[in-house]
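Start from the sequences, fold in the hints, and give me the full structure.
Just so you know, the sequences run in chain order A and B. One rule links them: number in the working numbering = place in the first sequence (from 1) + 181. One rule links them: number in the working numbering = place in the second sequence (from 1) + 294.
If you're looking for bench data, these hints aren't it; they were derived computationally from the structure. All C-beta atoms in this analysis are idealised placements derived from N, C-alpha and C, irrespective of residue type, glycine included. Some hints here could point you the wrong way.
Simulated pairs of lysine-lysine, DSBU-like, Cα-Cα distance not exceeding 30 Å [to be verified]: (1) A:K327 / B:K387; (2) A:K351 / A:K398; (3) A:K384 / B:K345; (4) B:K348 / B:K381; (5) B:K384 / A:K393; (6) B:K348 / A:K396; (7) B:K345 / A:K281; (8) A:K259 / A:K462; (9) B:K348 / A:K281; (10) A:K263 / A:K384.
So the derived list for chain A, only partly shown, Cβ under 10 Å to chain B, looks like this [to be verified]: (11) V224; (12) P233; (13) N237; (14) S239; (15) E242; (16) N246; (17) Y315; (18) C316; (19) F324; (20) E392.
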Amino acid sequence: MNNHFDVIVIGAGAAGLTAGIYLSRAKVNTLILNEGTVGGQMVLTHQIANYPGIENISGYELASNMKAQAQKFGCTIKSNVKITSFDLKGETKKIIVNNKDEYTSHAVIIATGGRPRSAGASGEEEFKGKGISYCATCDGDFFQDKEIVVLGGGNSALEEAVSLTKYASKVTIVHQFDNFQAFEHYVSEAKKNPKISFIMESKIIEFSGDEKLRKIKIQNQKDFNISEMNIDGVFIFIGYVPNSEMFQEIIDLNENKEIIVDKNMHTNLPGVFAAGDNVAKRYRQVTTAVADGTIAALSAAEFVNNIIKNVHIEDTIE
Amino acid sequence: MLRTNLTHILSEKEHSELLKNNENVMVCCGRMGPMCIPVYAEMEELENEYKHVKFADMEFDLPDAKVIRELPECKSFFGIPFVIYYKNGKVVKATSSIQSREQITNNLDTYFNHHE
Chain A
182 MNNHFDVIVI GAGAAGLTAG IYLSRAKVNT LILNEGTVGG QMVLTHQIAN
232 YPGIENISGY ELASNMKAQA QKFGCTIKSN VKITSFDLKG ETKKIIVNNK
282 DEYTSHAVII ATGGRPRSAG ASGEEEFKGK GISYCATCDG DFFQDKEIVV
332 LGGGNSALEE AVSLTKYASK VTIVHQFDNF QAFEHYVSEA KKNPKISFIM
382 ESKIIEFSGD EKLRKIKIQN QKDFNISEMN IDGVFIFIGY VPNSEMFQEI
432 IDLNENKEII VDKNMHTNLP GVFAAGDNVA KRYRQVTTAV ADGTIAALSA
482 AEFVNNIIKN VHIEDTIE
Chain B
295 MLRTNLTHIL SEKEHSELLK NNENVMVCCG RMGPMCIPVY AEMEELENEY
345 KHVKFADMEF DLPDAKVIRE LPECKSFFGI PFVIYYKNGK VVKATSSIQS
395 REQITNNLDT YFNHHE
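Here it is in structure tokens:
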């Protein structure tokens, strides 16, 4: 059957592509199914300067190289497909894409990554690109001499707030907690920048304007008082959510909806592994995704080899 | 030049030629950045599906890209890429910042008739 593979990898970010490289090189027949752009969140990074062995590379280039490397070893990659249903419980895993094409395998690696968390306030979709941005390097120069807000309190938020002071006349950091999650270095850089001010323990609850964003409503999380602020732009950096919802009924997740795996990246289901930003862990980097992808691939290969060996033994006994 | 497999528009003249010679045109004007690359990737895929639409890109920082940057429809845009849908040379829709496949196909289906 043409649509049967040894392993199906769901997702073509750093973890999925690495799994594809390792499996295909080991002659394990592998299919990668990908719903979005190949490269995942790597593509959302302008420059990667801490990938060992490569001094500086764009996320796009690194992703393209990984994809080419996987394909060179014989990995099949199908991108822009929509997984419409699946059955991962049995010995033969089944995945249906676009409501019609069925693919089967002995093992599955879930490497679906994560996506930027949205503020969840009204007007967010309407003003995306019209004042709301998720990328300082992309859109910073539109805000020359304008007043902006950076939403978030992690490393990205603090680092980007400082970089946006190159353009903006004033940057207000709005953060929902009373302390920052960012490294101390980023916090002190932001605090000593005269253009940056802070509104702590607060959330944006509404974006409004006309053809562009003009105003936000901010709610204090202690006394729930609501204040309004006239603003030209808001940059949102509030972390990521794992793409795990579609598996929540069969795969064990933690309270953050991250997939729980053992040290071999095995989930609670036999033959189903997970790797990358969607698994429960502390640090999410391209390098950690690559490491997860490697472990998941080696574990999946071993799992598949055991199945094939057992089938072979049963055949011999008959 | 943008590193995509789309038709590249390199000048104002090429832009107007393209609009003259094609009824339905979608142009993505951006850089090789995180918000732009996913849109090019979607367009590369959709090119095979929407044969009645001409897909092209234009580098945002080209001086001649002012034909897009300075469109009245883009006056309130604060995020790249600027994506313009032209019907018979006229702007029928313009979007700012990253767009999902659903958002793009919605626009293609709405403004360029539903594909076969």
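For each hint, the structure was consulted:
1. A:K327 / B:K387: holds, 27 Å
2. A:K351 / A:K398: holds, 18 Å
3. A:K384 / B:K345: Between K384 (chain A) and K345 (chain B) the Cα gap is close to 46 Å, so the pair fails against 30 Å, i.e. violated.
4. B:K348 / B:K381: holds, 11 Å
5. B:K384 / A:K393: Roughly 23 Å between the alpha carbons, so the hint for K384 (chain B) and K393 (chain A) holds.
6. B:K348 / A:K396: violated, 38 Å
7. B:K345 / A:K281: holds, 23 Å
8. A:K259 / A:K462: The hint holds at about 28 Å.
9. B:K348 / A:K281: holds, 28 Å
10. A:K263 / A:K384: violated, 34 Å
11. V224: holds, 5 Å
12. P233: violated, 22 Å
13. N237: Violated: closest Cβ of chain B sits about 14 Å from N237 (chain A), beyond 10 Å.
14. S239: holds, 7 Å
15. E242: holds, 9 Å
16. N246: Violated, because the Cβ-Cβ distance from N246 (chain A) to chain B comes to roughly 13 Å (cut-off 10 Å).
17. Y315: Since the shortest Cβ distance to chain B is 7 Å, the answer is holds.
18. C316: Since the shortest Cβ distance to chain B is 5 Å, the answer is holds.
19. F324: Hint on F324 (chain A): holds, closest Cβ of chain B at ~7 Å, below 10 Å.
20. E392: Result: holds, 4 Å to nearest chain B Cβ.
Hint check: violations occur at hints 3, 6, 10, 12, 13 and 16; the rest are consistent with the structure.
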